[in-house]
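Sequence lines, in order, name chains G and A.
Using our numbering, you'd call the opening residue of the first sequence number 1 and step up by one each time.
Using our numbering, you'd call the opening residue of the second sequence number 96 and step up by one each time.
For the record, the hints were derived by calculation from the structure and aren't laboratory data.
Model, not experiment: these values are computed from the prediction.
Virtual Cβ for every residue (Gly too), placed ideally from N, Cα, C.
Do not take every clue at face value.
[Stated by the list, open to error] Partial list, computed: chain A residues near chain G (C-beta under 7 angstroms):
| no. | residue |
| --- | --- |
| 1 | Ser193 |
| 2 | Glu212 |
| 3 | Asn226 |
| 4 | Ala233 |
[What the hints assert, rightly or not] Counterexamples of contact, computed for chain A against chain G with all Cβ distances above 10 angstroms:
| no. | residue |
| --- | --- |
| 5 | Glu115 |
| 6 | Lys119 |
| 7 | Ala125 |
| 8 | Arg131 |
| 9 | Pro137 |
| 10 | Glu154 |
| 11 | Thr170 |
| 12 | Ser175 |
[To be verified] Each computed DSS-like pair below joins lysine-lysine, with the alpha-carbon atoms no more than 30 angstroms apart:
| no. | chain 1 | residue 1 | chain 2 | residue 2 |
| --- | --- | --- | --- | --- |
| 13 | A | Lys198 | A | Lys176 |
| 14 | G | Lys59 | A | Lys176 |
| 15 | A | Lys198 | A | Lys248 |
| 16 | G | Lys58 | A | Lys176 |
| 17 | A | Lys198 | G | Lys59 |
| 18 | A | Lys176 | A | Lys248 |
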Amino acid sequence: MSPDRQTVGDDPEERSSTHVGTMRILDRTGDTVVTWSVEEAATLERAEAVFEQELFAKKMAFARPEGALADAAERIYAFDPDAAEIIWVRPIQGG
Amino acid sequence: MVVATAPFRDATFEVVDCLEDGKKVLCFTAGPMAGRRVLAFPDDQCLPNSWVRPLTPYERAEQLLLSLLTPEQATSWLGSKRFWVGTPYGDLQLGELSNMRFKSHEGEELRLCVVPENHGRGLPPPDVWVNLLLAVNADPGSFFRVANWSRRKGEWFLGPVPGLEYQRTLI
Numbered sequence: 001m002s003p004d005r006q007t008v009g010d011d012p013e014e015r016s017s018t019h020v021g022t023m024r025i026l027d028r029t030g031d032t033v034v035t036w037s038v039e040e041a042a043t044l045e046r047a048e049a050v051f052e053q054e055l056f057a058k059k060m061a062f063a064r065p066e067g068a069l070a071d072a073a074e075r076i077y078a079f080d081p082d083a084a085e086i087i088w089v090r091p092i093q094g095g
Numbered sequence: 096m097v098v099a100t101a102p103f104r105d106a107t108f109e110v111v112d113c114l115e116d117g118k119k120v121l122c123f124t125a126g127p128m129a130g131r132r133v134l135a136f137p138d139d140q141c142l143p144n145s146w147v148r149p150l151t152p153y154e155r156a157e158q159l160l161l162s163l164l165t166p167e168q169a170t171s172w173l174g175s176k177r178f179w180v181g182t183p184y185g186d187l188q189l190g191e192l193s194n195m196r197f198k199s200h201e202g203e204e205l206r207l208c209v210v211p212e213n214h215g216r217g218l219p220p221p222d223v224w225v226n227l228l229l230a231v232n233a234d235p236g237s238f239f240r241v242a243n244w245s246r247r248k249g250e251w252f253l254g255p256v257p258g259l260e261y262q263r264t265l266i
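Can you build the whole structure from these sequences, using the hints too?
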């Protein structure tokens with residue numbers, strides 16, 4: 001690809017520096033979304049705070065690469081700023 | 096001429112003026128907008144899909160669920176609101192709350208009941224299945240330990256589901 005055709009995101013370094021992550025917290029609205037950018041400290045701090053809050057509520061966090069299926073979702077126990085998507089679900093119990 | 100889009104359904108109007116730039120001044124003659132004049136833009140000056148209806152909670156939840164499913168599972172969900180998931184202990188069908196079908200590798204069929212905590216407080220149904228799908232994928236041992244179970248037409252028993260060799264688990 002010629003330099004003049006290069007688009008944002010082609011350069012791996014540029015892609016990582018502009019990474020935007022999404023956190024989905026399942027709730028009565030379907031889910032509440034929290035996004036962050038590693039370049040914007042305020043959004044990062046907010047996302048970390050939300051992560052801690054949900055963890056304290058004993059919910060379970062799963063991270064998945066963009067567009068990945070459930071099999072690729074991985075349980076995480078600490079905030080990962082490089083995660084593409086984090087999905088928060090509730091603990092399970094016998095019904 | 097009738098405009099079919101809400102809130103103009105069943106409304107009629109007449110063209111009052113045609114402007115040079117292609118716009119038209121319309122006057123509604125019947126319907127909820129009767130007597131009002133509006134400026135109408137030609138199609139080529141309108142943004143396509145400039146307004147998109149917000150998804151309902153069910154639709155948002157279903158969108159997330161479908162994004163997690165294989166094509167076969169998604170087709171099954173869209174057709175019957177149920178789909179099968181493979182586990183180390185056998186095949187589990189998600190979609191019928193409090194009455195999930197489970198076929199063990201040994202050929203026994205049971206009904207299981209596992210729910211997200213407080214699920215009754217408002218999670219749209221597809222979110223319940225997102226919750227249980229991720230939970231059973233990540234830690235099937237814990238899932239089958241907490242599951243209440245029943246043989247096909249029998250009474251219900253507290254978990255764990257019998258006859259399964261549980262591994263150490265994390266949840």
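Going through the hints against the structure:
{"no.": "1", "hint": "Ser193", "result": "5 angstroms, holds"}
{"no.": "2", "hint": "Glu212", "result": "5 angstroms, holds"}
{"no.": "3", "hint": "Asn226", "result": "4 angstroms, holds"}
{"no.": "4", "hint": "Ala233", "result": "5 angstroms, holds"}
{"no.": "5", "hint": "Glu115", "result": "39 angstroms, holds"}
{"no.": "6", "hint": "Lys119", "result": "40 angstroms, holds"}
{"no.": "7", "hint": "Ala125", "result": "38 angstroms, holds"}
{"no.": "8", "hint": "Arg131", "result": "35 angstroms, holds"}
{"no.": "9", "hint": "Pro137", "result": "33 angstroms, holds"}
{"no.": "10", "hint": "Glu154", "result": "7 angstroms, violated"}
{"no.": "11", "hint": "Thr170", "result": "14 angstroms, holds"}
{"no.": "12", "hint": "Ser175", "result": "18 angstroms, holds"}
{"no.": "13", "hint": "A:Lys198 - A:Lys176", "result": "18 angstroms, holds"}
{"no.": "14", "hint": "G:Lys59 - A:Lys176", "result": "25 angstroms, holds"}
{"no.": "15", "hint": "A:Lys198 - A:Lys248", "result": "15 angstroms, holds"}
{"no.": "16", "hint": "G:Lys58 - A:Lys176", "result": "29 angstroms, holds"}
{"no.": "17", "hint": "A:Lys198 - G:Lys59", "result": "29 angstroms, holds"}
{"no.": "18", "hint": "A:Lys176 - A:Lys248", "result": "23 angstroms, holds"}
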